[in-house]
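Asker: Given next are the chains, with one letter for each unit.
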Amino acid sequence: MPLLDVLRIDVWAAAIEFLGALLIAGYVVAALITFARTRDVVQLRLTLADGVIAGLNFKLAGSLLKTVVLHTWDQVLMFTVIFVLRFVLKRIFTWEANRIRARRSLHQPSAS
Amino acid sequence: MDLTLLFKDLTAQLANWIEVIASLIIAFAVVEATVRAARVFVTPHIPAEAKEDLRLRLGRWLAVALEFELAADILRTAISPTWQEIGLLAAIAAIRTGLNYFLQLEIDRAAARAQAKPGSELAMGQPSANGNTPDGAPGDKRPASSQPHDEEVAGGRHATP
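So the sequences go chain by chain: A and B.
Going letter by letter, the first sequence gives residues 826 to 937 in our numbering.
Going letter by letter, the second sequence gives residues -2 to 158 in our numbering.
Simulated from the structure, these hints should not be mistaken for lab results.
There could be a bad hint or two in this list.
Said to hold, decoys possible - Straight-line C-alpha distance at most 30 Å; calculated DSSO-like pairs for lysine-lysine:
#1 A:Lys915 x A:Lys891
#2 A:Lys891 x B:Lys5
#3 B:Lys5 x A:Lys915
Said to hold, decoys possible - Negatives, chain B to chain A, calculated, CB over 12 Å:
#4 Leu2
#5 Thr8
#6 Ile23
#7 Ala24
#8 Ala30
#9 Pro44
#10 Ala45
#11 Glu103
Even glycine gets a Cβ: it sits at the ideal position worked out from N, Cα and C.
Turn these sequences into a full structure, and let the hints steer you where they fit.
Answerer: Below is the structure:
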């Protein structure tokens, strides 16, 4: 069974998506650890946003691979909605991370 | 099929854990806000900013928790996506973005007001968005003990271009 699974493209898609999920979870843990050390909420949100962006990249790649195994119109529609949703979410998170970063660099004293 | 099922199962567990973290954050934020509200109640001659500070602080924590929830929901899109779950994810994303936007408006307004009356401990490590409030709180969070001194140093004029 596992030997044949290696050849299947939807297994690869699932594996890539799972990598994205692991990435998000890892960044969540890292953000919590950083927050426990520095008590910096801005850094917490920034790390979280970075993790979601990185994870969404993997998930977008995985869902692109899944176009190979779409068979019915319902699946195609579902794929489109999920893809658009992930794309929009990535845009939102990128925008927010940039905003947080810009605001923080604006208020960081140039001396430090 | 077995491998994909395993991945889905693990993803579901990750999403559940992230949601547990989010609910813990909300619980802690509510407890903190309750303690602060009680302190505001018993303190005589409390300035009006204290209440606003309390509200913004709770709101900011809720935004952080919503971010965690959103991360969990992104994971959930990979598991047996139904139309209802996708609708939920879209709704949560919209709510969270809207909440963040209005929260930021309020924080900016409060920071602009604090500019006229410096010394109120408003920011929890999150200064205002635009650079026209040079007297806002310092950019990074310090322990509360060194707060008054740090505000004089970090909130200085050289913080804005």
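Asker: State for each hint whether it applies.
Answerer: Hint by hint, here is what the structure shows:
1. A:Lys915 x A:Lys891: Roughly 19 Å separates the two Cα atoms, so the pair holds.
2. A:Lys891 x B:Lys5: holds (15 Å)
3. B:Lys5 x A:Lys915: holds (21 Å)
4. Leu2: Incorrect as stated: the minimum Cβ-Cβ distance to chain A is 9 Å, not above 12 Å.
5. Thr8: Answer for Thr8 of chain B: violated, closest chain A Cβ roughly 5 Å.
6. Ile23: holds (14 Å)
7. Ala24: holds (15 Å)
8. Ala30: Its Cβ never comes within 12 Å of chain A, the nearest being 15 Å, so this holds.
9. Pro44: holds (23 Å)
10. Ala45: Holds, since 24 Å exceeds 12 Å.
11. Glu103: holds (15 Å)
Violated hints for the displayed structure, listed by number in ascending order: 4 and 5.
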